[in-house]
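Chains R and X supply the protein sequences, listed in that same order.
To convert, note that position 61 of the first sequence is 61 in the working numbering; the numbers rise steadily by one, no gaps.
Here the working numbering runs 1000 ahead of the position in the second sequence, where the first position is 1.
None of these hints come from the bench; they were simulated from the model.
None of the values given here were measured: they were computed from a predicted structure.
Please note that a few of the clues may not be correct.
Claimed, not checked - Below, simulated EDC-like cross-link-like pairs (lysine to aspartate or glutamate); rule was C-alpha separation at most 16 Å, straight line:
1) X:Lys1010 - R:Glu246
2) R:Lys247 - X:Glu1007
3) R:Lys46 - X:Glu1111
4) X:Lys1081 - R:Asp266
Said to hold, decoys possible - Incomplete in silico selection of chain X near chain R, CB under 10 Å:
5) Val1012
6) Thr1019
7) Gly1075
8) Ile1091
9) Glu1107
Glycine included, every Cβ here is placed at the ideal spot set by N, Cα and C.
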Amino acid sequence: MKNQTIFFKNNILVMDTATIVGPKEHEGPLGVYFDKDIEDDLLGQKTFEYAEIMLHTTVIKYLLNKTKLKQDDIDMCFCGDLMDGIIACNYAMRNFSIPFMGLFNACATFGEAVILGSVMLDSGHADRIICSTSSHFSTAERQFRNPLELGTQRTPLSQTTVTGAGATLLNKKFGKIAVECATIGRVIDYGVKDANDMGAAMAPAARETLLSHLEATGRSPSYYDLILTGDLGKAGSNLLRILMKEKGVILGDNYNDCGAMMFIGDQEKIGQGGSGPACVNVTFNGYVYKKMMSGELTKVLLIPTGALLSKISNLQGETIPSIAHAISFVRKAEFQ
Amino acid sequence: MNEPNQEYLKLVRKTMPKTKHFSTLLRAFLVGGTICSIGQGINDIYTLVFKDMPKEDITAITLLTIIFITAVLTGFGVYDKIGAFGGAGSIIPITGFANAVVSPAMERKQEGIILGLCDNMFSVAGPVIVFGISSSVLVGIIALIFKSWFI
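Isolated chain R (complex conformation):
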C-alpha cells in the first residue's frame, strides 16, 4: 500500500442503495433524491434512541426489499452510528441474522464501512455486503450538547446533525458504479478545541487525505466530476479550499461539501450545515448515486470526514482529533 491508498483488483460494484431522511432533510435542496422521508422524527416510538434504531433497521430492510434479496444472501454488514456504544446499529442488527461488524469513525463511519466492505469483497471472502450508517438530530444533540428544550443560542459555527439512515449494497456482479480505489486517512489534530467548530477541526484531515490520494493516483482535482467532502460545512469547506491552495492545489467548481448542500434556511437555525454519519451517507446514496446512474456524473471522489471527540474529552480540555477517508467511485460504461 503506497500513500495510504488501496487499488481494488476486482470490480467492486454498488448494486443498490437505500435512504431514509427526516422532515428537515427532505425539505432541503437534496430532498428529491432520497428514497423515503419520515414526517415524525420520533417514528411513533417512546424515545429518540429507539427511533434511530428503527430508522437503521428500516433502511436495511428496505434495501433488502428493493434488491429482492433475503438475509441469507448477505454475507456481512458493516454498520455504525454516533451514539455511545453505537447502539443504533447494534440494536438494529438484533432484527437480522446477518454476520455483523460495528464501526465507529464518527461522521466518517460510512467511508470506513465502504472501504472495509470493498476490501472484504476484493479478497474474495464475501459476495454481498451491506454498509450502513445512521444518525439522529435529537440523539446527537442530547449526547454531545444540551437538552433539546434548553433555550440556548447556537454559535454561528455549529452544525446540525442530519436525521436519517442510508445503506449501500456492494457486490461483484451487478451495478454500474464501481469502487475504484480508496485512501485510508490518518488521525490529524491541529489543536482546535472548540467542539462547535468541527469544520475547522476536520479540514486539515481532509487535506492530508486528499493530498495523499492525489499523490498516490497521480491525478489532479479536475480529474473528478465531483469531489465531495463529508461534513465540513460552509465555512469548513471554504477553509479546505484555502488549505489546499497553500499546498498549491486549487479546488474548482467541482468541489462541494455534503453538509453545506444538505439544508435550506438561514444560518441562525442550521448553522454551517449538516453533520453526522448519515450526512455523507444519504448524500452519496441518494444524490450522488442517482446522478451517477443517470450518467450526469462519472467520476466522484467522496471524502467522509469525522471529528473523533466525545463530550468527556472535550470537557477535559482535549483538542479534537479528526480523520478523513477518500473513496473514488467510477461509473463503468461496459455495464450499461
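Take the given structure of chain R and dock chain X to it, following the hints.
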C-alpha cells in the same frame, strides 16, 4: 503529544465566521427587557389585587408565577425558541433558571424517575446552585465579621 499548529489556529480565527455581537446583544436586551417587563406587570397586578399582602410576599408569588409560566412554555417547546432568539436575554432572568431545570428533567424522564429525571434535573442548573449557595455563605461570613467589627 500533539503540538497545536499555531499558524493554522490563527487562520481559523481569521477565516471562520464570528458571532454578530451587535445583533445578539440587541436581541438579548429586547428579550430580557420584555421578560422583566412582564414580571413587573404581574407584580403590579398582584399589588392591585392583594392590597393587604406585604411587599415581600408579592415578590415571591410573582417569581412563582413566572417560573410556572416558563415551565409550561418549556414543556410545550416554546421557550427553547425564545432562547434561540434572545440568547442571554432569556438565560439571565429567573425564567432561564426554570428552563434549565425543566428541560433536562423532561428529557431524562425516559431513563426512569429516580436515576433519570431526578438525577439529571440539576445537570445544567447545578453550577448555579453550587455557586449561589457557596457565595451566599461567603458573603454572610464577611457581613458577620464586618458587623462585629464596626457596630
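Now the hints, each set against the structure:
1. X:Lys1010 - R:Glu246: 14 Å, holds
2. R:Lys247 - X:Glu1007: Between lysine 247 of chain R and glutamate 1007 of chain X the Cα gap is close to 14 Å, so the pair holds against 16 Å.
3. R:Lys46 - X:Glu1111: At roughly 11 Å apart (the allowed maximum being 16 Å), glutamate 1111 of chain X and lysine 46 of chain R satisfy the hint.
4. X:Lys1081 - R:Asp266: 15 Å, holds
5. Val1012: With a closest approach of 4 Å, the valine 1012 of chain X hint holds.
6. Thr1019: Holds - the Cβ of threonine 1019 of chain X comes within 10 Å of chain R, reaching about 6 Å at its closest.
7. Gly1075: 8 Å, holds
8. Ile1091: 7 Å, holds
9. Glu1107: 4 Å, holds
In this structure, every one of the numbered hints holds.
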